[in-house]
Every structure is written in C-alpha cells, then in structure tokens.
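A.B. asks: Given next are the chains, with one letter for each unit.
Protein chains: 2
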Amino acid sequence: MKDKILEAIKTELTVIEEALKSNLNSQHPFINQVSEYVIFSGGKRVRPLLSVLSAKLFLNNKKSLDKKILNYIYQTSILFEYLHVATLLHDDVVDSAEFRRGRKAARNLWGNQATILVGDYLYAKSLKIASSLKNPEIMEIITETTLIMSEGEILQLLNLDNTSLTEKEYEEVIFRKTAILISACCEVGSILGGANLEERKILKEYGKALGMAFQIVDDLLDYTSSETGKDLGRDFKEGKVTLPVIYALKNSSSQEKERLLYLLKNQKTSEKDFLEAKFLIEKNRGFIETLERAKYYVNKAKESLTKLPESFYKNLLLFLADYFLERKK
Amino acid sequence: MKDKILEAIKTELTVIEEALKSNLNSQHPFINQVSEYVIFSGGKRVRPLLSVLSAKLFLNNKKSLDKKILNYIYQTSILFEYLHVATLLHDDVVDSAEFRRGRKAARNLWGNQATILVGDYLYAKSLKIASSLKNPEIMEIITETTLIMSEGEILQLLNLDNTSLTEKEYEEVIFRKTAILISACCEVGSILGGANLEERKILKEYGKALGMAFQIVDDLLDYTSSETGKDLGRDFKEGKVTLPVIYALKNSSSQEKERLLYLLKNQKTSEKDFLEAKFLIEKNRGFIETLERAKYYVNKAKESLTKLPESFYKNLLLFLADYFLERKK
Numbered sequence: 001m002k003d004k005i006l007e008a009i010k011t012e013l014t015v016i017e018e019a020l021k022s023n024l025n026s027q028h029p030f031i032n033q034v035s036e037y038v039i040f041s042g043g044k045r046v047r048p049l050l051s052v053l054s055a056k057l058f059l060n061n062k063k064s065l066d067k068k069i070l071n072y073i074y075q076t077s078i079l080f081e082y083l084h085v086a087t088l089l090h091d092d093v094v095d096s097a098e099f100r101r102g103r104k105a106a107r108n109l110w111g112n113q114a115t116i117l118v119g120d121y122l123y124a125k126s127l128k129i130a131s132s133l134k135n136p137e138i139m140e141i142i143t144e145t146t147l148i149m150s151e152g153e154i155l156q157l158l159n160l161d162n163t164s165l166t167e168k169e170y171e172e173v174i175f176r177k178t179a180i181l182i183s184a185c186c187e188v189g190s191i192l193g194g195a196n197l198e199e200r201k202i203l204k205e206y207g208k209a210l211g212m213a214f215q216i217v218d219d220l221l222d223y224t225s226s227e228t229g230k231d232l233g234r235d236f237k238e239g240k241v242t243l244p245v246i247y248a249l250k251n252s253s254s255q256e257k258e259r260l261l262y263l264l265k266n267q268k269t270s271e272k273d274f275l276e277a278k279f280l281i282e283k284n285r286g287f288i289e290t291l292e293r294a295k296y297y298v299n300k301a302k303e304s305l306t307k308l309p310e311s312f313y314k315n316l317l318l319f320l321a322d323y324f325l326e327r328k329k
Numbered sequence: 001m002k003d004k005i006l007e008a009i010k011t012e013l014t015v016i017e018e019a020l021k022s023n024l025n026s027q028h029p030f031i032n033q034v035s036e037y038v039i040f041s042g043g044k045r046v047r048p049l050l051s052v053l054s055a056k057l058f059l060n061n062k063k064s065l066d067k068k069i070l071n072y073i074y075q076t077s078i079l080f081e082y083l084h085v086a087t088l089l090h091d092d093v094v095d096s097a098e099f100r101r102g103r104k105a106a107r108n109l110w111g112n113q114a115t116i117l118v119g120d121y122l123y124a125k126s127l128k129i130a131s132s133l134k135n136p137e138i139m140e141i142i143t144e145t146t147l148i149m150s151e152g153e154i155l156q157l158l159n160l161d162n163t164s165l166t167e168k169e170y171e172e173v174i175f176r177k178t179a180i181l182i183s184a185c186c187e188v189g190s191i192l193g194g195a196n197l198e199e200r201k202i203l204k205e206y207g208k209a210l211g212m213a214f215q216i217v218d219d220l221l222d223y224t225s226s227e228t229g230k231d232l233g234r235d236f237k238e239g240k241v242t243l244p245v246i247y248a249l250k251n252s253s254s255q256e257k258e259r260l261l262y263l264l265k266n267q268k269t270s271e272k273d274f275l276e277a278k279f280l281i282e283k284n285r286g287f288i289e290t291l292e293r294a295k296y297y298v299n300k301a302k303e304s305l306t307k308l309p310e311s312f313y314k315n316l317l318l319f320l321a322d323y324f325l326e327r328k329k
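Just so you know, the sequences run in chain order R and S. The numbering used here puts the first sequence at residues 1 to 329. The numbering used here puts the second sequence at residues 1 to 329.
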C-alpha cells in the first residue's frame, strides 16, 4: 500500500511540475528568469499536491478519465504554488533574508526592488489563473484567503519584537500565514472534484488542521532540520518567536529564560549562540512539546476525514498527514 | 452646463469618499491606520469616478433610481482606488521615495516592511471586492489588468537607467502602468451600467486613451506643477526618463544633450540642477511636445465616444477628458 501511495504522489508531482513550467510565459525574459529561480528551487509542492488530491478524492471513475477535467485540476492547482512563492518573495524582502531553501534569496541576486515586483507579478498571475475558472465561489475563497494572509503577514511583523507572544497569538498568526491557504487548496480542489457542501467542509477542515501542523513542523525544523542549510535557525536569528521558544520560555527557570531572551534579542547571533539557544530550548521541552502540538493537529486533520468512505485517495491524504509530521527537512 | 457638470462631479466624489471610508474595516487598527493615511492623502479619485460615470452613462431612468444597483456601482468603483494605492505603496518602496502627494511617504513613517505588506493587503482587499460581484467577466478583466500592470512596473524598473528610451517604449510602459487600469475602470463601470458589447468596447477605448493622456500629463506636471510640493521633480531626481526628457533629448544639440544626460544621471540632484534641466527641456520643446502628445490622446478619448448618443453623462466624460489635460497639479 505504501509503495502504491508513494508512486501515486511521485506521478502527481511530475504532472504538477510540468504545469508549473508551462505556465511561466511572460513576454519578458527577465520576469521568467526570476520567476523560474524562485519557483524551481526545491519547493515541496505541498499546496498543488493537496489541491489535486482533494479533487481526485471526489472524481468518479468516468470523470477521472476525462482529460479536460484533469487538465483543469492541474492548471488550477499551480495557482496555489505561485501564490505561495509570491508571499515568500515579499517575506524575504521584509525579513532581509540572505538565503531561502539553502540558496541565495532572490533579493540577494536581483535586489529588493525586482523581488517585490516579481512577487506582485506572481500574485497577479495566480489570481489570473483563478479567474480563468469563471467560478465565483472559488474566486471568493481565494480572494478571502489572500486578504487574511496579508493581514497575517502584518500581524507577524508587528509581533516581531514581542517576546511575550502567547501560544494563542502564535497560532492566530500561523493560521493566517499558512493554514488558511492550505485549507483553501483542499477546499477548492474538492469543489473541482465535485464534492457536495458537507464534503467541501470536511476538506476545508482537513486542510486547516494540516496547515497548522505543517507550519508548526516548519518552525520546529528551523531548529532541528537534518539539512545543514545556511538558512537553518533563520527564525531565531531574526528574533522571531515561534512555538519552540514559547514552550521553552514557559518551562524554563527565570535564569534560563533571561538567557534565552538575551540570545533571541541579540542582533548578531553567532552559530555558538544559536547552538546554546537550541540546547536551552531542548532542555526546557521546547521541541518535544512543539512536536506534540503538531501531532495534535495531524490527528485533528485525520479525524476530519472519518466521515468519508474508504478510498485510495482518502488513504493518501491520511498518509500525507503523517508524512508531514515525520519529515526531517 | 459646466456648473451642472461640476456639481455632479462633486456629488459623485462625496459618495465615493464615503464608500472608501466605510470599507476600511480590518480588525487590526494598525492596518486601518496605515491604509487611511495612504488612501486619504489628497488622491483625485480619478479611477472610481470614471468607473461610476461609465456605469451611469448606461443606466436607464428606472435603474438609476434603484438604490441596490447604485450601491453596487459605488462599492465596485472603490476597488480601483485601493488597487491604485496598493501600487503606489510598492512604487514608493521600489523608488525609495521620501514624499508622496506633498506628504511624507508611508515608508518614511512606518518603514518599507509595513509598506510592502499594507500594499499587499490593499491589493487583496481590492480583489476581494471584485470577487464579491460574482461576475466572472469582470473578474477576468481585473486580474488581466493587474497582471499587465505588474509587468509594467518591472519593465519600468528595468528601464530605469535606459537614457535612450524611445517614445514607443515609454508609451508601452505607461500603457501598462496607468492606461490599462483606467481602461478597466471604464469598461467594468460600463458593464455594471448594462452596456452591450459594442458600448463596452467604446468605454474601454475611451479609458485607454484617457489613461495615456492622464499619465503623460502627470509626467509633465512632475516638472511644471503649480504645487511646490516636495515631490516636484521626483522623476528627474530618480533619473527616470519620461516624455519631456525624451523629446528634449531628441531636439537638443549634442552639447545640451550631454549636459541634460549628465544632470539626469547625477545621483544627488540639487534644486539648481533640477532648474537647469527644466530650462533645457523647455528650450528644446520637451514640455510643449509632451502637451501635444497628451492632447492627441485626449482627442482620441473624446472621439471614441462619437458613436454614443448625446447625454448628460457623455458630456461629463467629454468634459473630464479636457479637464485632465488642463489640470495644473
């Protein structure tokens, strides 16, 4: 079963990759060059993948052979990757990031100006794809999602120096920053697959919980990733408070708390400082409790699918939820 | 007649202003604060105004009394102002602008980071308003417009140091930067008013030509505005080549050309440098030929309305075209 699932995911990813490539067709070589750099830089394609799987979950046998419908599903799925990458580009400018996914950040190669504008371009591109569906319901989901996401980015910026960020506030930010988009991927996918209202709601909930788990794991991997990329520890070095720090601060002695805050606020964090912080977080259960919280959301995501009948694609979505929890990078 | 027209415009602007205010309703005070600062900073509301007038042009007597339809028209019109302001915010970051409309630029008060993100927010907000119309045709016009606009911004950035920019290349940029949006305002307005396909095309053409004229006059006023705002000469000081410079370079002696290019490329343009450049441009017919080109587009805009029957709103649109040409700020 697992082999069949992995094989299916691999096939989907190949088709998605093709669709991503064939859609970058600006008349201006520079726009394509920058877009290609940021889109083909080792992204996991989580969002398009979830969108396609959420659609296929509801396709009956007849529809699942209809090339036109399938094409429609793949073409739609990539809008979520463009949208995601657009937010990464603006994030990198806002954070003055040097690296992204182990490579130089786009702003490091083409400057902040071009990076902001190519972000705008990819955002516009993604909404253009959405509008070509001529489906007002889907359009409303996507525009509502982007609005909430943009509010989330601003909240995150305002919270940057807030070292007393609570777990609740943190979750509010990641809901807006990540979960709402992954939720939209799944909901829109399910609509394209022909889901009814109840089924749509199930996929929306699945995506939301999965998105929360995904971001929590991401924030954990910023400390513990097996990849020794140059962007490891990026959050901490930027002074960004995420769940591992929140839990560690809660559990630590006042002396350790003071030290951790000092390291976090330090403008020039050395590798040694980062390792010390990592040690303090580990010691104060920051990582283990973060993983527990991610598990909570993964289980929530899986439970939301309970009402759906058994099927290959349901198993695939259940598998993915566990897979996201176990990823090491 | 002129009094009646001015009165009508004044009334429209009051309603538009109200709609702009009532729609800024983020839960987050900071977002509203920055948005208000940039939206209520003396914008001329050209885009919403044209959208409303283009709708009213086609409303029959019965519809023009229907409050629901009218509300729909005003609510839609403001999306164009939000979209416009979003691009201004990103422009200001890209250009490192200190001032906008004679006041401190938002980035000067809240920094580049918040300015980029509030730009994203207003962009998302404008598309959210668009999607609430549940009209796929309008949505496609708007997303196509934003895509072309974002390409225009990138083109402009790439052309920044191109002192051999041709008139044709300049017009390609301003078409994307300004005319396409003003064209969309008019076309979308006409659709809301109930225009048929031919009528829509007329309004689209009117808006396109008017938009070209509007930007050309804007670029002229950057040198000749009666307002002695701190952003006077902004284009020149940034080294941006616009139509007055293109014409002046074409007409000047090689000595004057060299001097003008020197002043343009100078990183720290003093007020004296700017005045010297202005003198050289004036002497070499840069301003007068630019005004001629704006006139050409104003006439084109007016001519595109020829096929429409006489009406109060047609006169209003004709009046506005002339008014845009004559504005001094």
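Don't take each hint at face value.
Where chains are identical, the list cannot tell them apart; a pair therefore holds if satisfied intra-copy or between any two copies.
[To be verified] Below, computed lysine-lysine pairings styled on DSS-like, alpha-carbon distance capped at 27 Å:
1. K268 / K4
2. K67 / K295
3. K63 / K268
4. K63 / K302
5. K257 / K134
6. K278 / K257
7. K240 / K134
8. K68 / K134
9. K2 / K168
10. K272 / K168
11. K104 / K134
12. K201 / K134
13. K168 / K250
14. K265 / K300
15. K300 / K250
16. K104 / K295
17. K265 / K134
Hints are computed from structural coordinates only; laboratory data are not their basis. No experiment lies behind these values; they were computed from the predicted model shown.
A.B. asks: Would you mind marking each hint as holding or not holding in the structure?
C.D. replies: Verification of the hints:
In the homo-oligomer, the alpha carbons of K268 and K4 never lie at most 27 Å apart, since the shortest distance is 48 Å inside one protomer and 65 Å across protomers. Taking the shortest alpha-carbon separations for K67 and K295, neither the intra-copy value of 37 Å nor the inter-copy value of 52 Å comes in at or below 27 Å. For the identical chains of this complex, K63 and K268 are neighbours neither inside a copy (56 Å) nor across copies (64 Å), given an alpha-carbon limit of 27 Å. Only within a single protomer do K63 and K302 lie at most 27 Å apart by alpha-carbon distance; the minimum there is 26 Å, versus 52 Å between protomers.
Taking the shortest Cα distances, K257 and K134 never come within 27 Å of each other, neither inside one copy (54 Å) nor across copies (52 Å). Taking the shortest Cα distances, K278 and K257 sit within 27 Å of each other inside one copy (13 Å), while across copies they are farther apart (62 Å). Taking CA atoms no more than 27 Å apart as the test, K240 paired with K134 passes in neither setting, with 40 Å inside one copy and 39 Å between copies. Taking CA atoms no more than 27 Å apart as the test, K68 paired with K134 passes in both settings, with 15 Å inside one copy and 24 Å between copies.
In this assembly of identical chains, K2 and K168 lie within 27 Å of each other by CA distance neither inside one copy nor across copies; the values are 36 Å within and 59 Å between. Taking the shortest Cα distances, K272 and K168 never come within 27 Å of each other, neither inside one copy (30 Å) nor across copies (57 Å). Taking CA atoms no more than 27 Å apart as the test, K104 paired with K134 passes in neither setting, with 38 Å inside one copy and 41 Å between copies. Taking the shortest alpha-carbon separations for K201 and K134, both the intra-copy value of 21 Å and the inter-copy value of 21 Å come in at or below 27 Å.
For a Cα distance limit of 27 Å, the shortest separation of K168 from K250 inside one copy, 13 Å, qualifies, whereas the shortest one across copies, 63 Å, does not. Neither within a single protomer nor between protomers do K265 and K300 lie at most 27 Å apart by alpha-carbon distance, with minima of 34 Å and 60 Å respectively. When the C-alpha separation of K300 and K250 is checked against a cutoff of 27 Å, the pair qualifies only within one copy, where the shortest distance is 25 Å, while the shortest distance between copies is 69 Å. In this assembly of identical chains, K104 and K295 lie within 27 Å of each other by CA distance neither inside one copy nor across copies; the values are 32 Å within and 48 Å between.
For the identical chains of this complex, K265 and K134 are neighbours neither inside a copy (48 Å) nor across copies (47 Å), given an alpha-carbon limit of 27 Å.
Hints 1, 2, 3, 5, 7, 9, 10, 11, 14, 16 and 17 from the list above are not met by this structure, while the remaining hints are.
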